[in-house]
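The task is simple: from the sequences and hints, build the whole structure.
Residue-level listing of the chains:
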Amino acid sequence: MVDPTGITLHGEVGAGADGGPRGPRPRRRFSRRNIFIYGTLIVVSVYYLLPLYVMIVTSLKGMPEIRLGNIFAPPMEITFQPWVKAWAQACTGLNCDGLSRGFMNSVIITVPSVIISIVIASVNGYALANWRFKGADVFFTILIFGAFIPYQVMLYPMVIILREMGIYGTLGGLVLVHTVFGMPILTLLFRNYFTSIPEELFKAARVDGAGFWTIYFKIMLPMSLPIFVVAMIIQITGIWNDFLFGVVYTRPDTYPMTVQLNNIVNSVQGVKEYNVNMAATLLTGLVPLVIYFISGKLFVRGIAAGAVKG
Amino acid sequence: MSSKRPNQLFRNLNAKIASVPMILTAMVVFFGGTIWTIVYSFTNSKLLPREKWVGFDQYERLWNTNRWLISIENLLIYGILSMVFSLVIGFVLAALLDQKIRFENTFRSIMLYPYALSFIVTGLVWQWLLNPDLGIPKVVRALGWESFDFDPLYNADIVIYGILIAGLWQGTGLIMCLMLAGMRGIDEDIWKASRVDGIPAWKTYIFIVIPMMRPVFITTLVIIASGLVRVYDLVVAQTGGGPGIASEVPAKYVYDMMFLGQNLGQGFAASTMMLITVAIILIPWAYLEFGGKRRG
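Protein chains in written order, with this note's numbering: chain A, 1 to 310; chain B, 1001 to 1296.
Just so you know, these hints were derived from the structure itself, not from any lab. Quick caveat, the model's predicted, so the values are computed rather than measured. Treat the hints with care, since some could be wrong.
Said to hold, decoys possible - Below 25 Å or equal to it, Euclidean Cα-Cα: the simulated DMTMM-like pairs (lysine to aspartate or glutamate) are: (1) K1016/B with E77/A; (2) K1052/B with E164/A; (3) K1046/B with D1256/B; (4) K1016/B with E200/A; (5) K297/A with D1098/B; (6) K297/A with E1104/B; (7) K1016/B with D208/A; (8) K1138/B with E77/A.
What the hints assert, rightly or not - Far from chain A, some chain B residues (derived; all Cβ distances over 10 Å): (9) N1066; (10) L1076; (11) I1077; (12) I1080; (13) M1083; (14) D1149; (15) D1197; (16) G1198; (17) D1233; (18) A1286.
Idealized CB from N, CA, C, for every residue including glycine.
Encoded structure:
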């Protein structure tokens, strides 16, 4: 797999010594080549930013203005009513308490799923990297190939498993599902990372009499904080954005935010309120967006590792 | 080796305990679940799974169902176009960003942020943007192009392209990043050599850089392809499979059969077909990647 952390900036062109001008003649700023490159990049950026812009603008307009005006025009009168309505009053089925319910459900689903799956996968990756036992590789290979199996194949068997355990339709059940299906990518991530830690360190600790858990907590854990952050980014965005598992394994009052959002916007009853819809869409997208802009480079690393998950 | 060793089972016990969740997931869910679904695709299960064997009936019915055929056709169109476009766009954008430009990080962040958003959000935004009465079509008409009627969401013939536009918006940033990482892995000396020889940049890209990036292209293709088969949320959010059944996809067929249509057997058969599709993509790749040079 490509390691996206390999993205590095080209070396800055070093400034000449204090003396006279040195090095190659500086390129003209407005060469035809530069105009072409920056021009293209700016046009492309507009294409990528446009939907975000339209979401924001639409969510701040009133319905009459939307019906009459241009989708790209900035709002003449800014109103926050759509946001309030999307958060607290929008209806899905019989519940009319807005997206706040879905938001809470998503939080209740995401937090334990992220913690449990990372704890299990990190210990497991550590065992695979440093305490190899017979047969471990066979299971690991099956796990990795499992990451490519379409989820649809395992949807119903999982329903049976959850039903047997008595947690079908509960948030706990969905947490288990996310833990299970997050396992391939996380285990791979942790195994590869722990393998890259010098083995001498591990051996030295062994000689000093440290056992499985001591080495994990005292040596491996403190050395691998960045990879834990990457794992958290993968899991938070992945679980927050999930729709399929949410719609299959929960019931209307435990729907995560994405499912509720889709139900609000695509409901066939009533007049379409585009401003409320866009406010709701933005609200749902806010959590991953915030994580994206905070985490920067680590996000790139995370999604490229998580891309296998699809 | 001494003949009296402690019980094999208890050697390395902690590691084994730590691997129990992985072993359960691999064997019960991934392996067991897949076999279960394949086996039950040969039954006549309706609301609940039943062991009433009907041979290949479900598959026969599947391939005689118009909706499934449309789903496959859509997946083919969407899949091929999205592979071609994401590779080309991703590569061109990466090449542009690789020109030692300023604000590289800003441009990269802008192109990548849609990937942080879910398919549901993507689908809903583009549903609004392409709204024929109030969205982009209206703006274009207002600009004076009166006869403009590009209505991807309400025209059955082109609806899949409307979904493609949204899918590309969401996913090309990732491909660009993978390509950029690949380009940065190419030795700077190659560029110097080609510059000395006076070879134009575009020629260097086509004849030297692309062949050198073959592994990156293959990995990227596998990533795109294995994600494509699962395309589901985007369609549900953007069109709901409509107009009519014009934008149905296989993953949606499976879900609808299993959980809405109370026709489990059909769902199992359809999901098995999805599995076969992935296997056809995956096995040659795994063979190329790991077959020759098995790690010890």
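Hint by hint, here is what the structure shows:
| no. | hint | verdict |
| --- | --- | --- |
| 1 | K1016/B with E77/A | violated (64 Å) |
| 2 | K1052/B with E164/A | holds (22 Å) |
| 3 | K1046/B with D1256/B | holds (13 Å) |
| 4 | K1016/B with E200/A | holds (23 Å) |
| 5 | K297/A with D1098/B | holds (17 Å) |
| 6 | K297/A with E1104/B | holds (13 Å) |
| 7 | K1016/B with D208/A | holds (22 Å) |
| 8 | K1138/B with E77/A | holds (21 Å) |
| 9 | N1066 | holds (20 Å) |
| 10 | L1076 | holds (16 Å) |
| 11 | I1077 | holds (19 Å) |
| 12 | I1080 | holds (18 Å) |
| 13 | M1083 | holds (14 Å) |
| 14 | D1149 | holds (17 Å) |
| 15 | D1197 | holds (19 Å) |
| 16 | G1198 | holds (16 Å) |
| 17 | D1233 | violated (4 Å) |
| 18 | A1286 | violated (8 Å) |
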